[in-house]
Every structure is written in C-alpha cells, then in structure tokens.
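Visitor: Could you build all of it, start to finish, from the sequences and the hints given here?
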Amino acid sequence: MPHLISIANQNSQFLCQEQRSLLSGLEGQKIKALQIGCRGGGCGVCKIRILDGNYQSKKMSIKHVSADELAAGVALSCRIFPLSDMTVETLD
Amino acid sequence: MKKGVMRPGHIQIRVLDMDEALEHYRDLIGLIEVDRDDQGRVYLKGWTEVDKFSVVLRETDHAGMDFTGYKVLDNDTLNALESELNDKGFTTTEIAAGELKGCGRRVRFTAPTGHTFELFADKEQTGKWGIQARNPEAWPRGLKGMRATRFDHCLLYGDDLEGNLALFTDILGFDLAEQVLDPEGNRAALFLSCSSKAHDVAFIKHDEKDKFHHASFWLDTWQDVLRAADLISMTDTPIDIGPTRHGLTHGQTIYFFDPSGNRTEVFCGGDYHYPDHPTVTWDAEVLGKAIFYHDRELNERFLTVLT
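Those protein sequences? They're chains A and B, same order as listed. Sequential numbering from 1 applies to the first sequence in this note's numbering. Sequential numbering from 1 applies to the second sequence in this note's numbering.
FYI, nobody ran anything at the bench for these hints, they're computed from the structure. Just so you know, not all the hints are guaranteed correct.
As a list, the in silico DSBU-like pairs of lysine-lysine whose alpha-carbon atoms are at most 30 Å apart [claimed, not checked]: (1) Lys3(B) / Lys144(B); (2) Lys205(B) / Lys32(A); (3) Lys2(B) / Lys88(B); (4) Lys209(B) / Lys47(A); (5) Lys101(B) / Lys2(B); (6) Lys58(A) / Lys32(A); (7) Lys205(B) / Lys88(B); (8) Lys3(B) / Lys209(B); (9) Lys209(B) / Lys197(B); (10) Lys88(B) / Lys209(B); (11) Lys101(B) / Lys144(B); (12) Lys52(B) / Lys3(B); (13) Lys58(A) / Lys30(A); (14) Lys144(B) / Lys209(B); (15) Lys59(A) / Lys209(B); (16) Lys59(A) / Lys2(B); (17) Lys63(A) / Lys101(B); (18) Lys101(B) / Lys52(B); (19) Lys47(A) / Lys205(B); (20) Lys205(B) / Lys289(B); (21) Lys32(A) / Lys47(A); (22) Lys58(A) / Lys209(B); (23) Lys2(B) / Lys128(B); (24) Lys289(B) / Lys30(A); (25) Lys32(A) / Lys59(A); (26) Lys289(B) / Lys32(A); (27) Lys63(A) / Lys128(B); (28) Lys59(A) / Lys30(A); (29) Lys32(A) / Lys63(A); (30) Lys63(A) / Lys209(B); (31) Lys30(A) / Lys63(A); (32) Lys209(B) / Lys289(B); (33) Lys209(B) / Lys2(B); (34) Lys209(B) / Lys101(B); (35) Lys59(A) / Lys144(B); (36) Lys59(A) / Lys47(A); (37) Lys144(B) / Lys58(A); (38) Lys47(A) / Lys58(A); (39) Lys2(B) / Lys197(B).
What you are looking at is a predicted structure, and each value in this text was computed from that prediction instead of being measured.
Guide: Spelled out as structure tokens, the structure:
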C-alpha cells in the first residue's frame with residue numbers, strides 16, 4: 001500500500017510504496033523537490049529532515065549524515081523507505 | 001619522459017554494504033572475485049588482467065576511494081621514484097608487502113589534490129582468468145554481466161590541479177594527453193597517460209580535496225557498451241548518463257552508480273597517445289561537448305555528485 005509523503009517546506013505531496021525509497025518515489029512521479037544524485041547514500045545531495053512518520057532506513061555515508069544528525073531525523077532520502085504516511089522537509 | 005610507471009595497478013573503493021557491492025562489481029560488471037582478507041576486504045579483477053587483483057572493496061561507514069596504485073617496472077624504479085618524491089617534498093609511507101594479499105611493498109603518498117596514491121613493483125601474477133597462458137583461447141566461458149576486461153583508470157576531483165600536473169609529469173613521468181582550459185588559460189581538467197592509452201588517470205578541478213568521481217572498466221566494443229546499458233536497465237541500477245561518446249578522449253561510454261553511490265564507468269574505444277604527441281586541448285566554453293559529445297550539454301549530476 002502506498003503511503004502519502006508530504007514535503008512541508010515545498011507544499012507538495014506524493015505517494016510512495018514501502019519498497020521504494022522516498023527519492024525513488026519522487027523521481028517516479030517527476031516531482032523535482034530534490035536533486036537526484038547517486039541514489040545510494042554516498043553523495044549527500046538528497047538530504048531531508050523527517051518531521052513525522054515511521055520508516056526503515058538503509059546505511060548512508062557518515063560524511064554526509066552524522067550519527068547525531070541521524071538521531072535527529074536528518075537522512076538521505078534515497079535511503080529512507082516509508083512504513084506509514086510521512087512528513088519531511090528538504091535541506092540544502 | 002617515461003620514469004618507469006607502467007599502468008594502473010589497483011584501486012581500493014569504500015562501500016557501505018559488501019554483499020550489495022559484490023552484486024555490482026562481480027555480478028553486474030563481471031569482475032572476478034579472487035580473494036578476501038581478514039579485514040573483510042574483497043579482491044577482484046577483470047578477466048584479462050595478469051596480476052592477481054585490481055579492485056579491492058572495503059566495507060565502512062562512508063563511500064569513496066581509499067587509494068589507487070600504479071605498478072612500476074621493478075624494485076630499482078620503485079626506490080628511485082620514492083627518493084625523487086622525498087626530494088621534491090612529498091612525504092612517503094611504506095606499506096609492508098602482504099598488507100594487500102599478493103602485493104609487494106607499496107610506497108604511499110598524498111597528491112596536492114588530497115588523493116592517496118601508491119606505487120608498487122611486485123604483485124603475484126595469477127594470469128588471465130579462465131584461459132591458459134600457453135595457446136590461449138580468445139576468451140573464457142562463464143563470465144558474468146558486462147564481462148569487463150580490466151580496471152582502466154579513475155577520475156578524481158580536487159583543487160590543486162597544477163600541483164598534481166607537476167607530480168604526475170615531472171616526478172612520475174606521465175604525459176598530459178588532454179586538458180581543458182578555462183577562458184583565463186587555467187587548467188580545469190587533466191587527462192594523464194603513462195602508456196599509449198588516452199588516460200591512465202584524470203583530474204577535474206573542484207573546490208574540495210580528495211573526491212572520487214568514478215572507476216572505469218574497459219569493454220571491447222560499442223555493442224558491449226549497449227549490452228551493458230541493457231543490463232543496467234534489467235537490474236534497475238541507478239544510471240548517470242549514456243550510452244554516449246566523450247569529446248575528451250572520444251571514448252564510448254556509460255556511467256552508473258554502485259549501491260553505495262560510487263560512480264562506475266564502462267567504456268570502449270577512444271584516442272591513443274604517444275610521448276611526442278602534443279596535448280589535446282578543449283576549451284571550457286564547449287565543456288558540454290567535451291564531456292558528452294552527442295548531447296553537447298552537461299548534466300549537473302556529472303559535475304557535482306561525488307563520493
């Protein structure tokens with residue numbers, strides 16, 4: 001079942017399946033809210049802050065998201081897989 | 001002037017998940033897994049490579065390149081280059097034989113762009129994979145994926161290109177085969193050769209040090225590049241750009257990403273370079289065409305997405 005993902009600071013929403021990353025979900029619906037980079041957690045260009053919702057994450061480069069940031073909800077959207085509706089905001 | 005550096009010998013790439021990385025480098029690109037060590041590193045090579053390994057994968061918490069190494073003619077050459085590096089102000093570190101399994105002692109140093117390079121003279125020679133040394137057949141059965149034949153070069157992004165140019169030409173004896181010049185005449189890219197290949201290493205100007213753009217693997221034909229593109233789609237592998245041709249070096253190419261975000265190129269064809277050839281120059285005003293000869297337009301990702 002797809003989940004509704006809201007991008008709070010861009011006033012935009014999209015649907016994302018659980019097996020797709022948030023970035024992949026955006027890319028599939030041609031929404032240009034984030035730069036598409038390596039799609040593998042290595043380059044750091046698709047950074048977001050998660051404000052609400054449940055998710056699973058895959059490993060991402062500590063050079064771009066430190067352990068403290070990760071604990072505070074900062075993540076690379078290519079490594080976040082939704083388990084519920086989510087609210088996020090894009091970061092530089 | 002040649003100083004006895006023969007060819008790219010190895011590259012150690014950082015990956016976030018080894019099993020996923022092996023699906024990419026072994027099963028998709030078609031490198032041969034040849035060994036593992038007690039640090040958990042996995043050693044691979046292209047099937048035509050005579051030395052034991054050329055790619056080392058290390059699982060850690062961030063992506064990128066640890067180092068790349070070049071093989072030199074013999075131990076005397078290694079000693080001479082080590083001395084010259086020291087005389088010209090480079091601090092060298094000696095890595096003991098066997099730290100990489102099957103590799104002799106390595107002389108490690110940091111380039112002005114911040115990248116870690118190594119020189120070595122000895123590596124165990126296990127021969128081309130899957131074919132006999134005597135009366136060899138054309139190619140081995142049982143290759144996987146893109147059937148890449150060898151690790152060819154890497155492209156690195158960093159700040160001090162003039163420092164790297166002096167290091168690679170004056171000390172290591174590479175030729176500047178191609179360059180990109182900006183309108184003020186400053187070098188924006190260097191393509192350096194220690195052989196007759198169009199490039200054995202390349203650098204692009206960037207304001208951060210020690211960034212990794214891609215590792216590149218050789219395919220024999222354009223048809224193989226198209227087949228690689230099919231495999232990239234079949235496996236839903238993230239693509240950067242291609243299949244297309246470069247203006248610089250004129251190679252035919254496709255770029256895609258490993259599961260940790262490191263970029264990979266497979267390519268064929270392109271120009272050759274001999275020491276008496278003048279440096280080929282591209283102007284930064286036509287950088288789009290220089291990099292992507294058909295589209296004649298850069299994608300932002302190619303310049304900014306690095307590990």
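Visitor: Take the hints in turn and mark each one as holding or not.
Guide: A quick look at each hint next to the structure:
1. Lys3(B) / Lys144(B): Violated. Lysine 3(B) to lysine 144(B) sits at ~37 Å, over the 30 Å cutoff.
2. Lys205(B) / Lys32(A): Holds - the C-alpha atoms of lysine 32(A) and lysine 205(B) are around 28 Å apart, at most 30 Å.
3. Lys2(B) / Lys88(B): The hint holds at about 18 Å.
4. Lys209(B) / Lys47(A): holds (21 Å)
5. Lys101(B) / Lys2(B): It holds: about 28 Å lies between the C-alpha atoms, which stays within 30 Å.
6. Lys58(A) / Lys32(A): holds (23 Å)
7. Lys205(B) / Lys88(B): holds (23 Å)
8. Lys3(B) / Lys209(B): Roughly 26 Å between the alpha carbons, so the hint for lysine 3(B) and lysine 209(B) holds.
9. Lys209(B) / Lys197(B): Measuring from Cα to Cα gives roughly 26 Å; hence the hint holds.
10. Lys88(B) / Lys209(B): holds (21 Å)
11. Lys101(B) / Lys144(B): Roughly 24 Å between the alpha carbons, so the hint for lysine 101(B) and lysine 144(B) holds.
12. Lys52(B) / Lys3(B): Distance of about 24 Å is within 30 Å: holds.
13. Lys58(A) / Lys30(A): Roughly 23 Å separates the two Cα atoms, so the pair holds.
14. Lys144(B) / Lys209(B): Distance ~35 Å between lysine 144(B) and lysine 209(B) Cα, so the pair is violated.
15. Lys59(A) / Lys209(B): Answer holds: lysine 59(A) to lysine 209(B) is near 24 Å, not above 30 Å.
16. Lys59(A) / Lys2(B): violated (44 Å)
17. Lys63(A) / Lys101(B): holds (29 Å)
18. Lys101(B) / Lys52(B): holds (9 Å)
19. Lys47(A) / Lys205(B): holds (24 Å)
20. Lys205(B) / Lys289(B): holds (17 Å)
21. Lys32(A) / Lys47(A): Holds, at roughly 14 Å.
22. Lys58(A) / Lys209(B): holds (27 Å)
23. Lys2(B) / Lys128(B): Roughly 26 Å between the alpha carbons, so the hint for lysine 2(B) and lysine 128(B) holds.
24. Lys289(B) / Lys30(A): holds (27 Å)
25. Lys32(A) / Lys59(A): Holds, because 24 Å separates the two Cα atoms, which is no more than 30 Å.
26. Lys289(B) / Lys32(A): Within the cut-off at roughly 26 Å; holds.
27. Lys63(A) / Lys128(B): violated (38 Å)
28. Lys59(A) / Lys30(A): holds (25 Å)
29. Lys32(A) / Lys63(A): holds (24 Å)
30. Lys63(A) / Lys209(B): holds (14 Å)
31. Lys30(A) / Lys63(A): holds (28 Å)
32. Lys209(B) / Lys289(B): holds (26 Å)
33. Lys209(B) / Lys2(B): holds (27 Å)
34. Lys209(B) / Lys101(B): holds (29 Å)
35. Lys59(A) / Lys144(B): holds (27 Å)
36. Lys59(A) / Lys47(A): Holds, because 14 Å separates the two Cα atoms, which is no more than 30 Å.
37. Lys144(B) / Lys58(A): holds (27 Å)
38. Lys47(A) / Lys58(A): Holds: lysine 47(A) and lysine 58(A) sit about 14 Å apart, inside 30 Å.
39. Lys2(B) / Lys197(B): With Cα atoms ~14 Å apart, lysine 2(B) and lysine 197(B) stay inside 30 Å; holds.
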